[in-house]
Amino acid sequence: MTESSLADPATAVDWPSDIFRVLKDWDVRQVCHVPDAGHLKLLTQCEDDNDIRTVTLTTEEEGVALLLGAWLGGERGCLLMQSSGVGNTINMLSLAKTCRYPLLMLVTMRGEYGEFNPWQVPMGQATRATMEAMGVIVLDAWEGERVGETVEAAAKLAFNGQVAVAVCLTQRVIGAKDFRALAEPKA
Amino acid sequence: MNSNGYSLKRRAVVAGLLADRGDDLLVVTGLGGANWDATAAGDSPLTFPLWGAMGGALPMGLGLALAQPAKRVLVLTGDGDLLMSLGCLATIGVERPANLAVVVLDNERYGETGRQRTATAAGVDLCAIARGAGFVATTEARVESGLAELHRLARAADGPTLSVVKISMEPLKIVMPPRDGAYLKDRFRIALLGEDGIF
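Protein chains in written order, with this note's numbering: chain B, 4 to 190; chain G, 206 to 404.
What the hints contain is simulated information worked out from the structure, not anything from laboratory work.
Heads up, the beta-carbon is just placed ideally off N, CA and C, and yes, glycines get one too.
Be careful, since some hints might not be right.
What the hints assert, rightly or not - Not everything, but these chain G residues come out facing chain B in the computed CB check (under 8 Å):
(1) A258
(2) M265
(3) C293
(4) A295
(5) G337
(6) G339
(7) T343
(8) P376
(9) I379
(10) P383
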């Protein structure tokens, strides 16, 4: 995948593996997601792990409810999604505030640092405000080398505090695609 | 429009489904009528009744079923709630939890908001959709004789199963369970996991 030069030089850091280690340390058993390219490596690691059930959702709001069910059953989970998917979760996030269960969400950002596609910008710019309006604590990771500790902090906050916490993985970390590099040359 | 042509009574159907439930049956209800019906049959810490979060009952049931494969998980919900989570039928069909059963109390109306017609009133076939999504068994009960198969798919058969029961429209009193979500969560976890459930 072609990425712009805006991507953090620190993406040489293997931050997906850092996230995976945090999920394992916390004995996360259910990882649900609507896929995003930014989560590709982490998802592969989760799928290859015999103790993690990876569930592909049709829409992100399912994940908010699925993780309440998992928690009722004694399992920890994590929801992976792209920032545009946050918009699909809004009413379902009522569960987090009303039921006060640990809800850990890892959001790969679009529509902010170096975005190419204007259609991604509205939801990307509203992601933090949307989640905060629904009572979610939002942390950002702007540097690859800080991703692991930020996700660790979010997991502690969520699982110890029984609250909803999201980590936004910015395009500075994950890189911003320039579609022109993938397109047919213009005639 | 005080009749939808069906005669089965929802409270009796649900009471039958939940009879002799024991500790091995975990129940999630959708919001509205399904909640009141399950509560009328007997409030239980192992029932999680939703008061909101429309469309949430199915995915909640899936997460619970995956976490507790040795228990039977029953999602009781209405046609309106199920129609809001049709995509989750595919999610469940892919995961195929053998311990998950869904029962749809289908009066073909949005019962809480003035009995507006739902898509099932126009013939949308939830069983066909569920089968297409990978559910291993479905049934639709319209009369008393269909309830035995409904009970079997809800309580015993390998899942995921989806059963539709066509019910009459009735003016019923609301029977309310506790409505604090954190309390409902904690009491469920304690009943299922023991005192450690609050941690």
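Numbers of the earlier hints that this structure fails to satisfy, in rising order: Violated hints (numbers, rising): 5, 6, 7, 8, 9 and 10; every other hint is consistent with the structure.
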